[in-house]
Every structure is written in C-alpha cells, then in structure tokens.
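Participant: Chains as they are written, first to last, in the numbering used here: chain A, 84 to 337; chain B, 1217 to 1449; chain C, 404 to 1102.
FYI, nobody ran anything at the bench for these hints, they're computed from the structure. Predicted, not measured: the structure shown is a model, and the values here were computed from it. Each residue gets a CB set at the ideal place from its N, CA and C atoms; glycine is no exception. Possibly wrong hints are sitting among the right ones.
Covered stretches of chain A (chain C as the covering partner; in silico rule of three or more C-beta atoms under 8 Å from a C-beta of chain C) [what the hints assert, rightly or not]:
1. 216 to 227
2. 325 to 334
Here are some of the chain B residues that sit facing chain A, going by a computed Cβ distance under 7 Å [as the list claims (entries may be wrong)]:
3. Leu1308
4. Thr1320
5. Val1327
6. Gln1360
7. Asn1363
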Amino acid sequence: MRSELSLLRRVLAGLCLFLTASLQAQSPAVLVELNGQQQGYFQQPRLAEVLLAASSDSRVYWPTAQLYKLDPKQLVAAEQLRGAVMEQLRLLSIHWQAEPQVAANLMQLRSQLANWRLAQPLFLALDPDLSRTRAEFNPRLDAGMYLLQPKRRPGFITLTGLGGDQFVEHKAGTLAYQYLTQAYGIDHRGVDDIYWLRAGPTPVKLPVASWNRNLQQLPPGSLLFVPVPAKWLPEPWQDLNQQLLQLLQSRVYK
Amino acid sequence: MRSCCSTLTSARWLLLACLPLLSQCSGTTKSYQNTLSYVLFPAPDHQLNRVELAKRPYDTLYAKVGDLPQAVLVLAYDEHGQQKWLSADRALLILQQGRLVKTTGFSLDLVFSARQGIDPLSKPLAQIQVGDHFERVLDWSAAQHTNQLQKLSIISIEAAPLELLQQQFDAVLVQEQVTFADQSTAINQFWFERRSGRLLQSQQQAAAFAPVMKLTHISSALKLLPVEVQSAF
Amino acid sequence: MKWLDVKVFRWSLLMLACQSAWAAVELAPLPVYSQLNQGGVGLIQMPTARMNADGDFSLGYRDNEEYRFWTASMQLFPWMETTVRYTDVRTRLYSDDPGFSGDQTFKDKGIDVKFRLWQESAWSPAVSAGFRDFGGTGFFESEYLALAKRWGDLDLHVGIGWGYLGHRGNINNPFCEIAERFCERPSGYRGSGGGFDIQRFFKGPAAIYGGVEYQTPWQPLKLQLEYDSNTYKFDQAGVLIQDSAWNYAAVYRYNDQLDLTLSRQRGNTMGFGVNYRFNFHTASQIKIAVAPRIVPDQLPAATKQLERFDLSHKLYYEAGFVVQKYQLLPDTVILHGYSLNYRNQDEFINRIGRVLATELPETVKSYRVTEVSGAIPMVETVIDADKFVHYARRDSLDAQLAPAVSRQHPAPVTTDWAMIVDNSGFYTNADLFWIQTFGSPERFYMYQGGLLLSAGYHLDSNWSLNSTVKVNVLTNFDEFKFTRDAFETGVPRVRTLVREYVQGNDIGLENLFGLWKSDLQKDWYAQAYAGVLETMYSGGGAEVLYRPVDSRLAVGVDVNYVGQRDYDRTFGLFDYRVLTGHVTAYWQPEFIEDVMLKISAGRYLAKDHGVTVDFSRRFDSGIVVGAYATKTNLSAEEYGEGSFTKGFYLSFPFDVFSISPSIGRGQLPWIPISRDGGQQLNRPSQLFGLTDVRSPFSK
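Take these sequences, add in the hints, and give me the full structure.
Facilitator: In structure tokens, the structure reads:
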C-alpha cells in the first residue's frame, strides 16, 4: 500500500513537472533522466547526443541498455493495469489457500510487482557508435520525458513468473528451455512457450516444451516471462498471463 | 533444310560473341555482368601513395577483412583509450592497443569484450615477454555467440623486417596463440617498430567463425619516416 | 563528415547489416524435416505428418538399386505440401522397341500433395492426410493419414495407408466397415490417365505403418527406423524380395542446405540420397549497390540553375531510374521514366526521394514520379516533400515512408516538357532462351538453347513494328526420332506438331508484327497487333484491359484470328484458320495474401471452348510458384493422354542470384504433357504484363 502511494506520488510529480515545464517560456523540449539526474535539451536532440552523455563510462553494456518514454497518459494506463493484476493475484492466492507453496509464490510475485517502475520502452538500437556513424540509427527524439538506462554487463538471465524474479547464470551454449529447467525444475510442465521481452516491438514466443522446443540460445541479460502454468489458472483467471505479459512490457528493469 | 544450317555454324558463334553489343544495357544483363566481373575480377586492394597519405588531415588504416578487398579507413574518434576507425560504408572497427574490441555495421558484430588479466599489448614493447597471457570474454550480436571465453598467450617475439610505403622498417613480430571457445586455435601477429614501439601492422582473428583481419597502421608508419622522406614523391 | 571522400572509398566494402532502425534478433530456425525416397517430408518409404516451413523447397535424388528418384518438394502453404517426382525404373525398359527409345529405362512422373489437418500441441499429435501419385499413371498411388508426436529428441510416427502403402493389409480398411464399395480397389484409369482418380481413393486393403526418428546428441546426425506397410509384391520394378518389414536410415545434415541419407531397406537393399533445400521466402543474395543518399539537416540552398542532365544522371546512378521526360514547376517536379534496378517499391521511392530532396530547391513541395511502360504512362507516385524529408532524416521516432507517398493514375501534364528523351526510332535487343523437356522416349533430358534477336522501329508512343528471330546455338532436339505421333483423335493438331517446328532450321522467324497500343481513358488500355505472332501462328488480334491502380481485380478481353504457320517458319501458312479469344479476370484475393488467380474463359486454338484457371503464390524473395489447368468441352478420350492441359511454373527474379539489384525475371515451366485441347495463342504482346507496375504482384 505504501509503495503504491509512493508510486502514485511519483507519477503525479512527473505530471506536474511536465505541466510546469510546458508552461514556462524557455522550457526544455526533452528531459532525459540518466542515473537519477535530469538532463534537459532545449531543442529536440538526436539519439546520438543523448547516448553520448552516458557513454563516458566505457563499461556500459549497450546491448541491454534501454530507453523509455515517460508519457503521462501511458503511465496512468499502466498503473491501472498494475492495480488490476495485483487484485487478480490476491484473489488467486486466496483461491489456492489449500496449496500453501503456490499461494506464497503468487503473493511473492504480487509484492515484487507492486515495486516495479513503469514506463514505455522504445525499440531503438542503442549504441552511441552506431548512432554517430549511421543516420538511420540516429532519429530525433520527440518532445517529452525519457529515461535512459545504461547498464553494466549482466552475467545472468532474468525469468519472471510464478514466484517473482529468478536469476540464472548465463552460460554459452545453454538453450532457452534449459534456463527454464534450471530456474523452476520440473514444476513448469504445462508451460509450452515462454516469452522473450525486449527482443522486438512485441514479445517473442520461445517454444520450451518437450514437443516443440528448439535450439534457441539467449544473450546475457535476456528478460524472460514464464507464464503461470494453466493448472493454476481456473476459469476466471484465464487472462492473467496475458495481463502479466502486457504489464511486463511496461516494466523498468533495474 | 538441315544442310543449310551446318554452313551457318560459324555464323552462330559469331552472333553469340556479339551478344554483349547487341543487347541493350538492360538492368538484368548489367546486373549479371556485375556479378560475373565481381567473381572473375575481384576489386583490387585499395591503397594510397605517400603523397595522398601526407595530405590527409586524419589518420588512416588499411583493413583487409577476410577475402574482401582491402579498404581504407579513417580515424573517426579517439576516446577512452580506443581508436574508432570508420569505413566508407559506415562500418566501424574499434581497436584498443591495436586489438579489435568492437565492431558496428557488420552482419555479425562484436558488441563487447572484457578482459581478465593484463593485455600484453598494453605494455611497452620492451616489457612484452613470451608466456604473457590473459583471457577475454567476447559477446557477438548473435545469441549463440555470446559469452565466448578465449585464452591468449604470447608464444614468440622475434625480429622481422617489414616493408611499408616502399621503406623497410626494423620491426619486431609478436606472435600470440589464441584458443577459442570451441578449443580451436589461431595465431595473431603484431608487428611493432623496434625503437618507438608503435604498432605498424597486425593480423588477428577474433573468433573461429570470424574472418581474419589484416590491419595496417599506415599513418603511424608515415609518421615514423624521416621528414624529407615523408614528403618526397 | 566532409572529410570522407566517398569517391575514393567506392570499393571499400565491408559486410553491411540490415537498414532497419531496430536490429531484430536472430531466432533459431524452424525445424527442418528430412525427405523420404519419393519426395516430401517423411522417413524412408513412409510419409509422416510433419510439414516443413512455409516456402521450403527441396530437390532430392535417391538411388535404391531398382528405383531412382528425382524429386522436387515445395511447401506451398504452411498447411500444404506438394511434390513432383520423376522415377527411373532400372529393371524395365522404356519400351520394347529399341528404334523408339533405344536402351532408355522406364520413366514415370508423379505428383503428390499433403494437407495438414491438425497442429501438434501438448496433448495432441500433428495430423496430416496425403495423396500420392494422384495425377500420374499411379506407380506409387496411395492415400494416407499420418500422426506425429514429439517427445524431446524422439519423433514418433504412426499412420494408415491405402493403395501402394496399404499392401500389407494388417488392418481392416475402416472405410470398408462403413460402405461395401471401399473394400475393393478398382484398377484402370479414368479417361486417358492424368486425371484425379477419385474413384480409387481410400479403397482396397489398408495397413498401419509407423516409425521413429531420433536426434542424436551430435547435431548433424539423425537416425530413423520405420515399419514398412508395403509388401513390394506389386511394384513396377517387378516383385522385390522383402526380407524384413523394418527399414532404417541415418541422415547427415552437412549444412543448412544439404542432407545426405544412407538407408537399408527391406533388410537387403542399400539406398543413398542427397537433398538440397532452400526457402523461397529467404532466398536472396547480398547486394552491392550505391548507398542511398543521406539527407542532411540543413538542405542546400538551391540557387544555381538546375542542371537537368546532371539530375538525370544522378537518378539513374543512385535510384536506377531512367528519366525520359522532365518538368520543373515552382512547387512541383514531374518526372516520366522507368525503373531498371529496384524491385522493391519502397526502396525505389526512397532512393528517388533522397536525390530529389537534396538536389531540388526547398520550394518544390511535391515530386510526381510517373513510371512509363511501352511508352505509355502507367502509374504516378506523388511524394510529399516535407513528409518525405521528415522520414529520410528520421526527424521523429516513428517517422514512416507510407504517409509521404501516394500512388494514382498518371495525371495529364499540361505544361511543356523541359526535357524529352525521344524514344522513337530503331531498337535492337538480344535475349537468351532455354527450352527443356523431360521424359521423352529418345532421351530423358532434351534441351534447346540460343538467342532471341529482336529489332524494330517505334514510330511514336502508340505505333511500332517489331520482329524477333530465334537462333539455336545448343540443342539436342535433332535426336527426336518420333515426330508425328500416330494418335488421330479428330482434334486439329494445333500444338502437337511442335517437334516439326523445333527440328527445322536453326534460324527461324519467331515473330514479325505491327503493334498499336494506347491508354484509352483512365484505367482502360487497348492494343492491336497483326503479322507473324508466334512460332506456330500468324494473324491479327486485339485486346482491351481494365486495370485500376493498386486494384486487386483486373479484367481483359482479347480476340484473335490466326492461321497455322508452315514448319519452315517463314511466311507460309497451312489451311487451318481459327478465331480464338478469351475473357480473363486477374484477381488477388484479400483473404489470402500474395496469391493471384487468373481465370480465362473463351475459345481455344482447337476450336474448343472452356476455362483456364491459373493459381500462383508469391514468396517474400519475389519467387512465384504457379500451376494452371484448362478444362474444355473436349472429352478425355478426344484430348488424349493426360486428359486435360495442366502445367506448373516457377518464376524467379534474376537478382536472387546476382549481386546488383535488377528487375528482370526468368521463368521455368514444367508441363507434364501437352496436347491439342485447351491451348491458347502465345500473343506477342500482353497488356497485363505491360501494365504490371499499376498493381504489381510479382515484385
């Protein structure tokens, strides 16, 4: 509850900042949040300029860097979705009271979910060297607020599903379904596909069951969604996986 | 009917020989001519002479990637201890102490390289010794080529004269054995100028599936020449 | 980056990544299943329920002692697989007459089709039903229902076969339980062969077969084991001894394209095979071309007098667009010309737009580019300069090309042209041709290749005189012994005298005709032609076509009056005259993408009436696969062997194989058998082809 309020405050603060910014005479057209600080640009910058501000640290691992747009309307919609999903999870865990492990996992997912920061990810190749040298990778940013998240190289894969986030060490040659087994063991029989987030404008479906799996490998830092197995989803909760997937698309991963 | 055709046999072959003249330069014919000439007469390696080199305001690198003709690259950025060389079709080769650490613009790019230990090439030439070794972890842009561990160790250091710009350079050849993630090996070669320790040429392979790259630091070579020779024709 | 001298670096080529702003991840490819002996996805002799990826094309060769197979299998849709096959029966001769066929062994051709009925899921298997050899003379004619289920590295298969696959008879035919007539399989063909022998489907003995495929830990190797439901007592090669009902094989994947198979069949025979596979969607060759221009943030102030020849040269060099007419108004530029290189319309417009945006003054807000075909303006693309520059410079995150471009019927140009390239006058051209046939009695593979030399004169944009001479350079058609066949069916010999025509002079007049063509009014086109029209016919005709821009439907009518040419292919005519013509609808349905249906109804060369249906599918690479069939009022007996005209073709863009982009196409037809019924005139000029740019299908 407290965390939800603080999030709401953050959204309102962002909205106020945006409104006041647009009312001032000489306000920045674009605001980029980078490492907790705001960078303002009075004229809409191109991507290369924004990325260069973050590239002074040469240990940035650009393949997993992410740029988000902080669009107030979209944020409000995402918050509403989060509220709905949290309620679904709470009711579902009550439904499975008889299965304490499952109920605990659902509540764990719910509490982690409550702390997610939400924003709208943009699908652009983020690499200052690429943007500086090739015009097609250097678009101009529209006016608004953004969040740039450069990261160090993660040596693990993140799987989000029942029980919240699981982290599995990345090893060369490991296949997608093997990461699933390492994270969840055989508990996840019944999951036919997992979803690879941020690999494209829409999540990419990866087959992982014994009847459809393939030789898909994953780069370090991959973000996966493991749907809740169907056996834990009675009729009223049929849409839960779709909703979780949609919410994950707006999640800001640390 | 059959007999008159046999007398025209030679005429047929003559017609065939005239085909390129008769056919209008339709797009299709031209594209096949291009393909054939690319295969039969590959483009020659590109080089610049000393005068052209001296006139250029920015440093130049010759890069021969695999079987492609040698390309001329310019130094686009020199930052964070890395030199970023740019080609005409806007691909980048990023070198750190002469070693390839990143590329952009290729169908399979090297996106990241992290080392464990000290890279012998970062030491002054006099301090490089046989047996110096370190390890690297490389990430390429394809998922099946990420987290590739490779071990590199210096196996020989010997004198080897090198000819560039029609001059002989007193060079030291440092040979390094690299063991790739699939346990196959290759030899990387680095030619340093003896007195200044500057890297003049290198031949390196970043992965078993990557092409062998021959990089010639021609501007470094030019700067090492005596001033009179630099501007001579 | 002023210091990058592009001209100097022209030949410095490094591999380029794709041009999209978001570099898509590379996903693991869909599974590729190996092919069976007779072609199509399966084990060794038994077909399975598996399907390859949409657009997969496999060429196979199998050698099993008694039989040799050359197969081509195509995944036409994700749910439909088709296979064509030539069989060589080593133990039999083509005919008993050495004078007729020498020592050539017995050959047969067959066509198979397989449909996916159910996709595999966690709890259900994949289910497919197939019909083998349904359109030929039925060496291996069978029907089957197959199931497949995968479990990790094991792929389990089971199926029921009828016909050739049902000889073992280890179960009662389930259809026989329902109706008496399914218990016996009738023999004999309907008509004269070549039809769909539906009266035999699912009849007679049935048998269960099965198999398992194991993917070994070593990726390139797969092992297969199957239980054969054929007893080899009724084979065309004679009675073959079957020591064991179990066949096994090893499949080695050399690389993504090539498979090698080694098998042991019937417990006593070794078999060897090779398969080459590629995918029609992804077939392509890396292109080396001039990079599209970058549009700088500050457009150059255009004050100098625009050098129009310089602009034409730049458009040709960077966009493959040949400018024929040009007019620059204060706010619009109008270009008439044709495209030489870029098949992809978006790439073409992108390149033209970039050249115009950087060369023309900023006051020019609209670029009107009209593509001309046969000297008639066909389609006009209007580019909004501001929106295009916004896209080309990536001035926002979601800048797209589509809002900047619109296509329409060419608007008439009222002002005088600043530049006109006169395209009237003489022209010459030379093209290569290649004709081949399979399965002839004299020799299995017969070919003829050479040059088509054309010359002509364009009087103006409507009238022209054209001629083509065919020169044979390489041929073995002179080995044809059997020219006039003895079958007299009462049907006029309109096409079956082909061998007389191809065996004559090595140089012959292909056509010599006068042509008038015109755009009558918006969306209507007409043409008329008279003279020597094709190899076998001379005469005259006319055609009218209605084809709106970017329309899914076009309709044409053509009428011709022709006489049959003499064999020596000069100007003489035989007595035969015919009035032939068709109404044709060209339809690209909305409910299924990349498919074109051509339906032609009318009167054919043999004075028969009927309808031709041509179906074709286009794949992402531009390769088009098609099939057609004609049904006329001739009975199967009158038609002769094959019962009705049918054919297949594969049309491919030439630049699938070349490193420079180009718009030419090649066509590979395959006509199993061709007789006199349902034959159309090969008109020397076709309006649908001429107007292709208005609603391109095969780009």
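Participant: Against each hint, give a clear statement of whether it holds in the structure.
Facilitator: Each hint tested on the structure:
1. 216 to 227: With 8 residues closer than 8 Å to chain C, the stretch 216 to 227 of chain A meets the three-residue bar; holds.
2. 325 to 334: violated (count 0)
3. Leu1308: holds (5 Å)
4. Thr1320: holds (5 Å)
5. Val1327: Holds. Min distance 5 Å.
6. Gln1360: holds (4 Å)
7. Asn1363: Holds, because the Cβ-Cβ distance from asparagine 1363 of chain B to chain A comes to roughly 4 Å (cut-off 7 Å).
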